[in-house]
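2 protein chains.
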Amino acid sequence: MGDNLDHALPEGQLESFLPYQLSIASNAVSSLIAERYHKRFALKIPEWRVIAVLGDAHARGAALTQRSLTAATLMDKVAVNRACKVLENRGLVARAPNKDDGRSHFLQLTGEGRAIHEEVMPLALATERDLFADFDAAEQQQFRSLLKRIRGRAANLAEKTND
Amino acid sequence: MGDNLDHALPEGQLESFLPYQLSIASNAVSSLIAERYHKRFALKIPEWRVIAVLGDAHARGAALTQRSLTAATLMDKVAVNRACKVLENRGLVARAPNKDDGRSHFLQLTGEGRAIHEEVMPLALATERDLFADFDAAEQQQFRSLLKRIRGRAANLAEKTND
DNA sequence: TCACTATGGTTTCCCATGAAACGATAGCGG
DNA sequence: CCGCTATCGTTTCATGGGAAACCATAGTGA
Chain A
1 MGDNLDHALP EGQLESFLPY QLSIASNAVS SLIAERYHKR FALKIPEWRV
51 IAVLGDAHAR GAALTQRSLT AATLMDKVAV NRACKVLENR GLVARAPNKD
101 DGRSHFLQLT GEGRAIHEEV MPLALATERD LFADFDAAEQ QQFRSLLKRI
151 RGRAANLAEK TND
Chain B
1 MGDNLDHALP EGQLESFLPY QLSIASNAVS SLIAERYHKR FALKIPEWRV
51 IAVLGDAHAR GAALTQRSLT AATLMDKVAV NRACKVLENR GLVARAPNKD
101 DGRSHFLQLT GEGRAIHEEV MPLALATERD LFADFDAAEQ QQFRSLLKRI
151 RGRAANLAEK TND
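Those protein sequences? They're chains A and B, same order as listed.
Read in my numbering, the first sequence has 9 at position 9, and its numbers run on one by one without any break.
Read in my numbering, the second sequence has 39 at position 39, and its numbers run on one by one without any break.
Some clues are possibly wrong.
Where chains are identical, the list cannot tell them apart; a pair therefore holds if satisfied intra-copy or between any two copies.
Unchecked claim - The calculated lysine-lysine pairs, modelled on DSBU-like cross-linking and capped at a C-alpha distance of 35 angstroms, are:
| hint | residue 1 | residue 2 |
| --- | --- | --- |
| 1 | K39 | K148 |
| 2 | K148 | K85 |
| 3 | K44 | K77 |
| 4 | K44 | K85 |
| 5 | K44 | K99 |
Since the hints were derived computationally from the structure, they do not count as laboratory data.
Computed from a predicted structure; not experimentally measured.
Given these sequences and hints, build the entire structure.
This is how it looks when you write it as structure tokens:
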């Protein structure tokens, strides 16, 4: 029950288009991860990202504002806000007043939040290992580097176009 | 006017998470492409994909149903339908009855559609070249192959989880 | 021929996401 | 101290995209 196309299509221009390959690969990976997180922790990807970053921050004894979360996750500030609200309602994140700036709060994981963090990170890392199991170390490194270059390139071209 | 974070965050677990890197790289590339297509042709990515596939089909003297378009683009059938409707309304695609199956139609590019196709493909290829300009041939090949493996891997893991 | 099921396509509904508008506070220049 | 502007966070609105329901036709078995 693999693929049952009526008649296999010959390799077309779309198939060989690298941005397309990148997009479908990324979608496949994201779907897998989203499914796993959702199934086991009822977390969506934005929420998980916030937990990951807050977990890091906690390890360094820091608390973060939504603004720094936005910078750290590269997500929209609205997405960050929504994720934080959900996590707060679930009791995984607490807000503390920021006496230097009345507009923002410092966010950190609660005890329960840290417990989730410690369950969730291994799942993330295991999934990463599953996905890249047949990549040797050099290939992983290569992949990372290629992704980073592409990303820089795209950002660069976009800002040139945006005038 | 590059990045003005209050205080640079140390490399965290999120930064080093490969699926995250994949996702943001893919997003950056997709945004760039979407922006360019939209600006110059008022086409969205799904519409462009349909044009690319229909252009291929036309080159082989074939016409496709929405079903085969769905298979060829890996998009949802609803997305394909919507894209086709838009293209039809713009006069870029025409439907011909399928006498073997009254439920579906054969779709093909109109003359105007082919004209767009021939303008749009060079833009796509140029963008691809822009993006991968500093990849040598071996790196491109490597990148393709890594993406394909990851994609297969993800699909494979997903179907195992789906029981 | 007559159900019954399967499938291509379409419509409807819902959720996720980002842009823009908004309120509140901060920061600055007078 | 008083305005003016910038910024953080929140809310509101518009759009995109997928899931499920739906319709019409095809295919199948009695």
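Taking the hints in turn, this is what the structure says about them:
no. : hint       : verdict
1   : K39 / K148 : both (30 angstroms within a copy, 26 angstroms between copies)
2   : K148 / K85 : within (31 angstroms within a copy, 37 angstroms between copies)
3   : K44 / K77  : both (16 angstroms within a copy, 25 angstroms between copies)
4   : K44 / K85  : both (13 angstroms within a copy, 33 angstroms between copies)
5   : K44 / K99  : within (31 angstroms within a copy, 46 angstroms between copies)
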